[in-house]
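Engineer: Now for the letters of each chain:
There are 2 protein chains.
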Amino acid sequence: MIRAYDPADWPEVWAVLEPVFRAGETFPHDPAIGSDAARQAWVETAAATFVATDTNGAIVATYYLRPNQPCLGAHVANAGYVVAEAARGRGVGHALCRHSQEEALRRGFTAMQFNLVVATNAAGVAAWTSNGFRSIGRLPGAFRHPRLGEVDALVMFKTLA
Amino acid sequence: MIRAYDPADWPEVWAVLEPVFRAGETFPHDPAIGSDAARQAWVETAAATFVATDTNGAIVATYYLRPNQPCLGAHVANAGYVVAEAARGRGVGHALCRHSQEEALRRGFTAMQFNLVVATNAAGVAAWTSNGFRSIGRLPGAFRHPRLGEVDALVMFKTLA
Numbered sequence: 001m002i003r004a005y006d007p008a009d010w011p012e013v014w015a016v017l018e019p020v021f022r023a024g025e026t027f028p029h030d031p032a033i034g035s036d037a038a039r040q041a042w043v044e045t046a047a048a049t050f051v052a053t054d055t056n057g058a059i060v061a062t063y064y065l066r067p068n069q070p071c072l073g074a075h076v077a078n079a080g081y082v083v084a085e086a087a088r089g090r091g092v093g094h095a096l097c098r099h100s101q102e103e104a105l106r107r108g109f110t111a112m113q114f115n116l117v118v119a120t121n122a123a124g125v126a127a128w129t130s131n132g133f134r135s136i137g138r139l140p141g142a143f144r145h146p147r148l149g150e151v152d153a154l155v156m157f158k159t160l161a
Numbered sequence: 001m002i003r004a005y006d007p008a009d010w011p012e013v014w015a016v017l018e019p020v021f022r023a024g025e026t027f028p029h030d031p032a033i034g035s036d037a038a039r040q041a042w043v044e045t046a047a048a049t050f051v052a053t054d055t056n057g058a059i060v061a062t063y064y065l066r067p068n069q070p071c072l073g074a075h076v077a078n079a080g081y082v083v084a085e086a087a088r089g090r091g092v093g094h095a096l097c098r099h100s101q102e103e104a105l106r107r108g109f110t111a112m113q114f115n116l117v118v119a120t121n122a123a124g125v126a127a128w129t130s131n132g133f134r135s136i137g138r139l140p141g142a143f144r145h146p147r148l149g150e151v152d153a154l155v156m157f158k159t160l161a
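If you're matching them up, the sequences are chains A and B in order.
Okay, so the first sequence: first residue is 1 according to UniProt numbering, each after it adds one.
Okay, so the second sequence: first residue is 1 according to UniProt numbering, each after it adds one.
Rather than coming from a laboratory, the hints here were simulated on the basis of the structure.
Any given hint could turn out to be false.
Claimed, not checked - Partial chain A-side listing against chain B, Cβ under 8 Å, derived: (1) HIS29; (2) ASP30; (3) CYS71; (4) VAL76; (5) ALA87; (6) GLN113; (7) ILE136; (8) ARG138; (9) LEU139; (10) PRO140; (11) PHE157.
Note that the Cβ used here is the ideal one computed from N, Cα and C, for glycine as well.
In isolation and in its complexed conformation, chain A is listed as follows (with noise of 0.2 Å):
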């Protein structure tokens, strides 16, 4: 089930986010991050955040949705995802990616846009390819991994409407 996310979400989600971030493998925030942040960067800077529960009712993924640009751009979405780690392979991500793309044209976006796709997050870019995201680009070096320095990163793109 994914629903709205509710201000009492916030330690469920923040659960699911903190390994994501602490790894520093696919999103670019600081790895120390505390929580008041991440609530700034993942609920209240995006139009909207949503949440994926487990048949108990448990949070086990999240992801905001928000304008890439301001006006001129804004009609380009962008979005970000995390599954936390027990729920993974089940096709969460997935079902979480559909209902972005359908919230995304519900609210007037007419494409989406994802900005620093780690290269070295391969399940990743197989789950935005096989959700008909396209590669436009790749920017060299552009992401500091933790483990490996520097790697590229993907902009990839897609027309919704």
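Take the given structure of chain A and dock chain B to it, following the hints.
Structural biologist: Showing chain B alone in chain A's frame:
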């Protein structure tokens, strides 16, 4: 002469920016943007802002510099440049671009990226290309041009160090 922005410069900087933002052909900001929101975008959310002055000390151009992404992507700078219409065609944009690259290196950035170079902005694309930037990809219809409708935008990138 290119020097650091001083808060007392704002009225002159806004006079340079305003016609460009109003035209809406090169920056994504709302063409109806007000002075306060423009200062927020050009000065307050930047790491640094610079101005170019003519021989009388009047401000004829300006640029901002900032990290393009948070922490793990913060080694890539982003910049934006505006030259007053009356000062165009005299190499001021090139001088700003060269200055911004030196300033970026001085501040520890190792690359520079432009996220939304409007493809119909031929003068801009030519200027950044001649400064060593290359288009790493094309975003279909990512900019709503007030006269031309949805036009493509380029992502341009240069490794500095």
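Engineer: Does each hint hold? Answer for all of them.
Structural biologist: We went through each hint and held it up to the structure:
Among the interface hints, the one on HIS29(A) holds; its C-beta lies about 5 Å from the nearest C-beta in chain B, closer than the 8 Å criterion. For the restraint placing ASP30(A) at the interface with chain B, the shortest Cβ-Cβ distance is roughly 4 Å, inside the 8 Å limit, so the hint holds. Checking CYS71(A) against chain B: minimum C-beta separation of about 4 Å stays under 8 Å; hint holds. Given the 8 Å rule on beta carbons, the hint for VAL76(A) holds: about 5 Å separates it from the nearest Cβ of chain B.
Interface hint status for ALA87(A): violated, as the beta-carbon distance to the closest one in chain B is roughly 24 Å, over 8 Å. Look at GLN113(A): its Cβ gets to within about 7 Å of chain B, closer than 8 Å, so that hint holds up. Interface hint at ILE136(A): satisfied, since its Cβ lies 4 Å from the closest Cβ of chain B, which is below the 8 Å cut-off. Hint on ARG138(A) holds. Least Cβ distance to chain B is approximately 6 Å, under the 8 Å limit.
Interface restraint check for LEU139(A): the shortest CB-CB distance to chain B comes to about 6 Å, inside 8 Å, so the restraint holds. Restraint check, PRO140(A) versus chain B: the minimum CB separation of about 6 Å is within 8 Å; hint holds. Proximity of PHE157(A) to chain B holds as hinted, the smallest CB-CB distance being about 6 Å (cut-off 8 Å).
When each numbered hint is compared with the structure, a violation occurs for hint 5 only.
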